[in-house]
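Enquirer: Sequence:
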Amino acid sequence: MQFYKESEKSLVQNGISSLEITLPPHYYTGVTDKGWLEHLGFSERVREISHYIPLKGVLQEKIHTMQQRKLKQTPTFDLTLASATQLQSVYDFITQCRKNQGLEINMNFEILEQLFQTFPDRYQIFTAKRNETLLAAAIMVIPIEGIVYYFLPATSPAHKTESPMVHLIAYLYQYYQQRGFQYIDLGISSVNAVPQKSLITFKERMGGFQTTRSTFIKSSLQ
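Just so you know, my numbering puts the end of the sequence shown at 222, numbered straight through with nothing missing.
Hints were generated in silico from the structure; no laboratory data involved.
Computed from a predicted structure; not experimentally measured.
One or more hints might be untrue.
The calculated DSS-like cross-link candidates involving lysine-lysine, where the alpha carbons are at most 30 Å apart (straight line), are [stated by the list, open to error]:
#: 1; residue 1: Lys5; residue 2: Lys34
#: 2; residue 1: Lys160; residue 2: Lys197
#: 3; residue 1: Lys218; residue 2: Lys5
#: 4; residue 1: Lys197; residue 2: Lys70
Please construct the entire structure, taking both the sequences and the accompanying hints into account.
Expert: In structure tokens form, the structure reads like this:
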């Protein structure tokens with residue numbers, strides 16, 4: 001409590017008048033109790049739909065029959081953990097894929113590059129490639145022990161019919177399961193609490209379970 005009070009005082013002295021805190025989903029250990037935040041004067045601003053995959057058992061037994069059929073097809077591309085030296089090209093690929101969807105990437109390259117340099121054991125790149133052509137990619141983050149976050153995924157619109165992301169998620173599942181991880185955090189599946197139906201369908205067909213992620217706000221710091 002004293003740490004928070006001192007932190008709030010420092011924020012006010014630096015001209016900050018409001019503060020938002022996003023709590024991770026329920027399966028993260030050591031999550032702050034929302035009652036404690038409410039006691040400090042925070043209120044829930046938004047509750048987003050989120051999904052996660054438990055890394056227990058065989059993935060193919062948990063996914064939709066459509067995805068099962070896709071995984072039975074031998075991919076004509078390579079799935080791999082890529083070197084951090086490919087960050088720029090992967091970032092450009094993700095940016096272009098999102099632009100094609102009318103979306104923007106939520107982090108500039110310089111900040112992402114700094115995170116890779118500062119936390120080299122926490123940030124990883126996975127790709128689906130044919131020769132030198134990217135079909136799909138995902139930047140993964142390890143926020144705490146046992147959980148990995150599906151941070152920045154993207155699929156080339158020209159190759160969606162080949163389902164490279166289905167194969168890439170299956171690769172991620174096996175990779176992290178073999179290393180003792182418990183969950184893949186698939187991230188939020190809504191925007192300002194508005195469900196993204198196609199994204200929800202995809203995640204749940206890939207074995208994802210639905211949960212929530214709440215953001216609390218305190219509008220008048222003291």
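Enquirer: Would you mind marking each hint as holding or not holding in the structure?
Expert: Hints and how they fare:
no. : hint               : verdict
1   : Lys5 with Lys34    : 17 Å, holds
2   : Lys160 with Lys197 : 18 Å, holds
3   : Lys218 with Lys5   : 13 Å, holds
4   : Lys197 with Lys70  : 21 Å, holds
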